[in-house]
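Peer 1: Sequence:
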Amino acid sequence: MNQQATEISPPKLINALRGYNLLPAIVFLPTRRRCDEAATEVSLDKSQQLNAEKQMLRQEIYDAYVVDNPEVKKHKHRKLLLRDGVASHHAGHIPSWKLLIEKMMSKGLLEAIFATSTVAAGVDFPARSVVLSFADTRGNDGWRPFFASELQQMTGRAGRRGKDNVGFCILAPSQFQNPRKISTLLKSPPDALQSQFRATYSSLLNLLDAYGSFSQVREIVEKSFAFRETSRTIVRLEKQIETRKNQITQKLSGSDFTVEDALGFERLTSTRLRLQEKIPLNRSENRYLWLKKNVVAGRVVSQGKSGRRIFLVLQIVGDNVFTMDDNGDGKNFDINRVNKVYANKYELRESSLEIAFDDIYSDKNLELKEQLTNENDNSAENEAKITEAIDKLLPGNLNEDGKRTAFQILWDTWNDAEFIHRTNRDLDFLRNEIWLPFENRAKVLRHFGYLDFHNQKVTETGKWLADLRIDRPLLVGEALKQGLFANLEVKQAIALMASLASDPDRNFGEMRMSNEAENLLVNFEKIAKQIEKVELKNDVLPSPEMNFSAAATAEFWANGDDWEVLVKKSGAEEGDLIRLLSRTGEALMQIANLRDSQPEAAEIAKQAVEIVMREPVR
Numbered sequence: 003m004n005q006q007a008t009e010i011s012p013p014k015l016i017n018a019l020r021g022y023n024l025l026p027a028i029v030f031l032p033t034r035r036r037c038d039e040a041a042t043e044v045s046l047d048k049s050q051q052l053n054a055e056k057q058m059l060r061q062e063i064y065d066a067y068v069v070d071n072p073e074v075k076k077h078k079h080r081k082l083l084l085r086d087g088v089a090s091h092h093a094g095h096i097p098s099w100k101l102l103i104e105k106m107m108s109k110g111l112l113e114a115i116f117a118t119s120t121v122a123a124g125v126d127f128p129a130r131s132v133v134l135s136f137a138d139t140r141g142n143d144g145w146r147p148f149f150a151s152e153l154q155q156m157t158g159r160a161g162r163r164g165k166d167n168v169g170f171c172i173l174a175p176s177q178f179q180n181p182r183k184i185s186t187l188l189k190s191p192p193d194a195l196q197s198q199f200r201a202t203y204s205s206l207l208n209l210l211d212a213y214g215s216f217s218q219v220r221e222i223v224e225k226s227f228a229f230r231e232t233s234r235t236i237v238r239l240e241k242q243i244e245t246r247k248n249q250i251t252q253k254l255s256g257s258d259f260t261v262e263d264a265l266g267f268e269r270l271t272s273t274r275l276r277l278q279e280k281i282p283l284n285r286s287e288n289r290y291l292w293l294k295k296n297v298v299a300g301r302v303v304s305q306g307k308s309g310r311r312i313f314l315v316l317q318i319v320g321d322n323v324f325t326m327d328d329n330g331d332g333k334n335f336d337i338n339r340v341n342k343v344y345a346n347k348y349e350l351r352e353s354s355l356e357i358a359f360d361d362i363y364s365d366k367n368l369e370l371k372e373q374l375t376n377e378n379d380n381s382a383e384n385e386a387k388i389t390e391a392i393d394k395l396l397p398g399n400l401n402e403d404g405k406r407t408a409f410q411i412l413w414d415t416w417n418d419a420e421f422i423h424r425t426n427r428d429l430d431f432l433r434n435e436i437w438l439p440f441e442n443r444a445k446v447l448r449h450f451g452y453l454d455f456h457n458q459k460v461t462e463t464g465k466w467l468a469d470l471r472i473d474r475p476l477l478v479g480e481a482l483k484q485g486l487f488a489n490l491e492v493k494q495a496i497a498l499m500a501s502l503a504s505d506p507d508r509n510f511g512e513m514r515m516s517n518e519a520e521n522l523l524v525n526f527e528k529i530a531k532q533i534e535k536v537e538l539k540n541d542v543l544p545s546p547e548m549n550f551s552a553a554a555t556a557e558f559w560a561n562g563d564d565w566e567v568l569v570k571k572s573g574a575e576e577g578d579l580i581r582l583l584s585r586t587g588e589a590l591m592q593i594a595n596l597r598d599s600q601p602e603a604a605e606i607a608k609q610a611v612e613i614v615m616r617e618p619v620r
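The opening residue of the sequence shown carries number 3 in our numbering; numbering runs sequentially from there.
FYI, nobody ran anything at the bench for these hints, they're computed from the structure. Predicted model, so just to flag it, every value in this text is computed and none were measured. Please note: incorrect hints may appear among the correct ones.
Straight-line distance between alpha carbons at most 16 Å, and here's what the computed EDC-like set of lysine to aspartate or glutamate pairs gives [stated by the list, open to error]:
1. Lys-76 with Glu-617
2. Lys-342 with Asp-365
3. Lys-531 with Glu-547
4. Lys-535 with Glu-520
5. Lys-571 with Glu-491
6. Lys-247 with Asp-365
7. Lys-342 with Glu-372
8. Lys-295 with Glu-372
9. Lys-347 with Asp-331
10. Lys-483 with Asp-505
11. Lys-78 with Asp-138
12. Lys-608 with Glu-588
13. Lys-342 with Glu-369
14. Lys-342 with Asp-327
15. Lys-347 with Glu-369
16. Lys-294 with Asp-414
17. Lys-75 with Glu-547
18. Lys-75 with Glu-617
19. Lys-465 with Asp-454
20. Lys-295 with Asp-414
21. Lys-394 with Asp-564
22. Lys-465 with Glu-262
23. Lys-81 with Glu-39
24. Lys-405 with Asp-258
Turn these sequences into a full structure, and let the hints steer you where they fit.
Peer 2: Shown next, in the form of C-alpha cells:
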C-alpha cells in the first residue's frame, strides 16, 4: 500500500468489512464534511444489507428519544440512521444528536459510524473494528501528524468487551495513508502529559488572594505540574552548585578564606580581565560593580524579586551581605540578590535603627538610581578599584610570598566559582521563565487597580474580577468598571459576550448585527485597545480580536427566532452554534453571579442567560 493508493469508497469499505465479519466499525475520516458524505454514500448504496429487526429497534429508541429532544426530529441524517444503521459523529452535530448515535451504537444497532479523530477521546463506542484512512489530523494550527496517544486512543476503540476476543485495526488505502508512520506510532510510548495551566489574570488574582504574597504564589507555580520538567532541571542545577561549593570548601581547607571569598574573587578577576581586554562589561557585571560600590554598612536594601522586604546592612564580607530586618531578625544573602539600594546612610546604633525603616515607609529615604556604564570609559580607574577590592580579600599581615600562596589557593577555586555563577544565571533564567508571565500580568493588574503591587494584595475590584471564570476577564472587568454593561439592552449583552466567547477564527456566516450592537462592539474595542497598550508595555501577549460574526449570530438568536431559522440563516453547523451559545450563556452566568458588586449588570446578564440557554441550547 503506498501513499498514492486510490481511496476505497465508503460503500465498498463497509461491504468488505461485512464480508469478513468486521462490523460494527468506527471509520475515522479527516474532516467533518467527509464524515457526512461517507454516511450518505453508504445509505444511497442499494447493495447494502438491511436488518428489519434492528430497523424496528432503532425506530423505537428514536421515537422515545424525540419526546425529550424534539430538535432531532428534523435532523438531515435521521432517515439514513433509522433505515441503514450508519451515521456520522463529529463536533458539527448538536449534542442531543450525538447522544442518540452513542445510545444506538452502545446497543449494537449501528453498522458503522464515520467520525473525526476527536471522537476517540470523548466517548466509549463498542466496535469490533477501527478503520484508519489517514495518518495526519487537523489541529488549531493546521494539519499535523498524529500524536502517539491520539492514535492509541483511536485504535483502542477496537474490540467489544464481552463479545470480541480481539479488536481489529484496519488501514484503508488513501492518498493520505502512511502505514509505516502508523506502525511506528503504535509501537511508541504514550506522549507525555501536557498541563494546560497557564499564567492568567484570574489564576494570579485567585492564588494571591488565597496565599497572601508573591513568594507563596511563586512557590505554588514552580511546583505545578506545568513546570515539572523545569523544576527538575532547577533541582539538578542546585545539586550541582552544592557539589561545587563543597569542592571549594575542600580546596580552602586550612586557609582563612570562605566560599564567599572564592566567589567574590572569581567575579572580580573576571571583570578585571574584561577591562584589560577592552571587552565592554555586560549588564550583570555592570550591576555587580554598582552593588559593590553602593551596598555598604548603614544603608537599607531590599532583597528578592518583589522588593518588598527591606533590610539594614550591618556588614559586607566578600559577596555576602549581613543584615537585620525590621523585626530585628538577622539575615545574610549574596550581594547579587539585592534588589533596591536606598540612599541614606545610618549609624549602626539602636536609636537609629527604627528611624532607618520608618524613613522607607514614609518615603523619606529614596531609592538610588542604578547608574550603569556599558562602555569601558575610565577603565584604568575601574581596574584599579577592582584590584584594590581583590587585595582586600587577603589577610592584611601577609608578605609577598604569603600573598602569592593565598592567591594560588583562590585561583584553584576559580573554575568551580565560575561554574557556580554561570549556573546561578541559568537558574535565574529558568525561574523567571516560570514566574515572569505572572509578574508581568501583576503589573497590568496594578495599572488598572485590581492589585496592590507594593503590598501584594488583591483590591476589592480585583476580588470580584477573580470570580469571573471567563475568556478575557480583564476586558470584561474594565467594561463593568466603566458602567458599560449597566446600560445595555439584554440582546446587546448577548451579542457582546458572544464576540468574546467564540473561537476568534470561527466564521458564523454573513449575518449582520444591529447598528446598536455594532456601535457597542466598536466602543468595546476601544477599551480593548487601551488594555492592549498596557499589556504590550509589560510583555503580555494581547488577546485575540473579537468575533463580529459570532455577535451577529447570537443577537439573531436573542431576538427569539426558531433554531431551524438560525441554522439556515447563519449557514453554520449546528454543533458550532451550540458551542457558541453555550459558552456565551456560561459567560453571562459568571456576570450574573456578581449580584453584590455589579447589581445592574448582574440583572441584565441573568435575563440574557434565560434567553440564550433556551432549547436546544442547554
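Peer 1: A separate judgement is required for each hint: does it hold in the structure or not?
Peer 2: Comparing the hints with the structure gives:
| no. | hint | result |
| --- | --- | --- |
| 1 | Lys-76 with Glu-617 | holds, 14 Å |
| 2 | Lys-342 with Asp-365 | holds, 14 Å |
| 3 | Lys-531 with Glu-547 | holds, 10 Å |
| 4 | Lys-535 with Glu-520 | violated, 23 Å |
| 5 | Lys-571 with Glu-491 | violated, 23 Å |
| 6 | Lys-247 with Asp-365 | violated, 40 Å |
| 7 | Lys-342 with Glu-372 | holds, 9 Å |
| 8 | Lys-295 with Glu-372 | holds, 11 Å |
| 9 | Lys-347 with Asp-331 | violated, 20 Å |
| 10 | Lys-483 with Asp-505 | violated, 25 Å |
| 11 | Lys-78 with Asp-138 | violated, 29 Å |
| 12 | Lys-608 with Glu-588 | holds, 11 Å |
| 13 | Lys-342 with Glu-369 | holds, 7 Å |
| 14 | Lys-342 with Asp-327 | holds, 14 Å |
| 15 | Lys-347 with Glu-369 | holds, 12 Å |
| 16 | Lys-294 with Asp-414 | violated, 24 Å |
| 17 | Lys-75 with Glu-547 | violated, 37 Å |
| 18 | Lys-75 with Glu-617 | holds, 13 Å |
| 19 | Lys-465 with Asp-454 | holds, 12 Å |
| 20 | Lys-295 with Asp-414 | violated, 27 Å |
| 21 | Lys-394 with Asp-564 | violated, 86 Å |
| 22 | Lys-465 with Glu-262 | violated, 45 Å |
| 23 | Lys-81 with Glu-39 | holds, 14 Å |
| 24 | Lys-405 with Asp-258 | holds, 13 Å |
This entry does not satisfy hints 4, 5, 6, 9, 10, 11, 16, 17, 20, 21, 22, going by the numbered hints stated previously.
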